[in-house]
Amino acid sequence: MRILIVGGGMGGTILGNNLARRLKSELANGKARITMLSASDRHMYQPGLLYVAVGQMMPDQLYRDQRSLLEPEIDFHVDPVEEFDLDNNRVKTKSGKTHEYDVLAIATGSRIVPEAIPGLAEHAEYFYTEESAVKMYNRLREFQGGKVVVAVGVPHKCPMAPLEITFMLHDYFKHRGMSDKVQVHYTYPIGRTHGLEPVAKWATPEFDRLGITYETLFNMKEVDGADKVLHSEEGSAINYDLLITVPAHKGMEVIEKNGLGQSGWIPTDRHRLTMEGHDNVFVLGDTTNLPISKAGSTAHFEAEAIAENIAAMAKIGTPVRDYDGKVFCFIEAGRDRATYAMFNYQNPPDPKPPTKAVHWFKMAYNQLYWASARGLL
Amino acid sequence: MSDVRVIDACNTFCPGPLMELIAGMKQAEVGDVIELLSSDAGSAADVPEWINKVGHEMVSSEQVDGVWHIKVRKMK
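Taken in order, these protein sequences are the chains called A and B. The first sequence begins at 1 in my numbering and counts up one residue at a time. The second sequence begins at 1 in my numbering and counts up one residue at a time.
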């Protein structure tokens with residue numbers, strides 16, 4: 001069985017390593033082959049960017065050599081796919097090579113599109129790339145006081161990020177002795193402070209306790225950088241001195257260009273994680289159009305389900321497991337406290353009050369991530 | 001004739017049905033109708049609230065076998 005994984009982020013990497021272990025004997029005797037095509041020879045721990053933006057991690061802590069994370073049996077190439085020919089089970093890469101497959105897994109991820117809101121890219125700070133996270137930190141260092149507005153695009157990767165950056169900004173300025181000079185103001189697209197109602201029920205009184213103001217049903221329309229005003233689709237306007245955004249995301253351009261899914265999101269069966277109309281094409285991570293969190297943990301749990309199924313297809317000819325929608329998200333509640341939300345398609349989350357212990361576990365996970373990527377955790 | 005696109009947000013909690021609808025409306029063209037399927041009873045109230053505030057059109061809303069079918073038309 002020729003297995004082709006397109007994408008070397010968290011989902012693709014966990015999938016490849018998990019599969020390599022499950023198919024050890026098949027890989028050794030030539031009955032299976034795993035090839036991975038990626039756009040980069042480096043692997044980034046993307047959640048770490050949140051900490052870079054507030055000076056708690058350095059960018060070089062976020063990277064590992066991708067090859068070093070992979071089981072040696074995986075045939076890894078830095079050669080991104082440019083053309084998908086799903087009817088003929090093959091792809092063509094940037095270098096011009098053609099790779100044929102029996103089973104394909106697409107894990108190309110997502111990208112930010114701050115340019116979708118007029119004025120946002122020019123006038124807001126954000127932390128979804130190394131460059132922008134470092135730039136945001138420099139702006140925070142220079143900031144002398146005023147109104148800090150957090151604005152959230154739709155859809156966005158990591159649903160906890162808007163809350164986390166808000167709490168972390170509050171604590172950042174408090175730690176610098178600037179609480180009396182800074183007003184943190186949070187906005188959110190729907191009618192409560194978070195998509196998950198139990199999380200909103202926890203976050204809203206936390207905002208009240210900390211003096212963080214908020215406005216809900218606020219979807220960005222445009223930024224007037226000259227007058228420092230953020231306008232919403234709902235007709236309201238907010239003056240800001242420093243604008244922080246969690247920008248809207250799209251899937252990767254290669255997905256759109258190949259007509260695999262609108263806005264780069266591939267229509268995916270929520271349990272089988274196969275692309276609609278293609279039983280030998282699996283989709284995972286941000287790349288799916290599933291109405292669930294675009295988060296590393298989603299990719300992680302999807303990768304485990306897909307690995308089990310592809311391995312079963314190689315061994316007995318049929319998949320054996322449905323993905324149950326499992327997601328686990330840490331929620332940083334400031335500089336030194338955190339909680340978490342765990343849920344699936346059937347069970348909503350029940351977040352507990354933040355503790356220092358969960359924060360330190362999150363700090364530990366920032367290092368343990370590399371064991372996750374290797375498929376060990 | 002406008003397209004009708006279905007967003008099935010049943011049995012999902014995060015980011016939630018309204019957020020899925022907002023994302024879907026951004027992809028849609030003016031005049032398109034989107035049908036949101038939601039098993040969250042809160043959708044029957046929070047979707048109309050947002051639609052009215054932004055200025056889109058509520059086409060219909062009904063509950064069938066525990067699932068809310070909410071149709072909205074993009075107006076701008």
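Please keep in mind that the hints were generated in silico from the structure rather than gathered at the bench. For glycine and all other residues, C-beta sits at the position ideal for the given N, C-alpha and C. Please note: incorrect hints may appear among the correct ones.
Said to hold, decoys possible - Computed footprint of chain A on chain B; a stretch qualifies when at least three of its residues, placed anywhere within it, have a C-beta under 8 Å from a C-beta of chain A:
| no. | region |
| --- | --- |
| 1 | 7 to 18 |
| 2 | 28 to 39 |
| 3 | 58 to 70 |
As the list claims (entries may be wrong) - Derived DSS-like pairs: lysine-lysine, alpha-carbon spacing no greater than 25 Å straight-line:
| no. | chain 1 | residue 1 | chain 2 | residue 2 |
| --- | --- | --- | --- | --- |
| 4 | B | K53 | A | K181 |
| 5 | B | K26 | A | K315 |
| 6 | A | K228 | B | K53 |
Stated by the list, open to error - If you only want the chain A side, here are some residues facing chain B, beta carbon under 10 Å, derived:
| no. | residue |
| --- | --- |
| 7 | V154 |
| 8 | P189 |
| 9 | R192 |
| 10 | V199 |
| 11 | N219 |
| 12 | E234 |
| 13 | A237 |
| 14 | K294 |
| 15 | V327 |
| 16 | C329 |
| 17 | Y340 |
| 18 | P348 |
Those earlier numbered hints the structure runs against, lowest number first: 2, 3, 4, 5, 13 and 17
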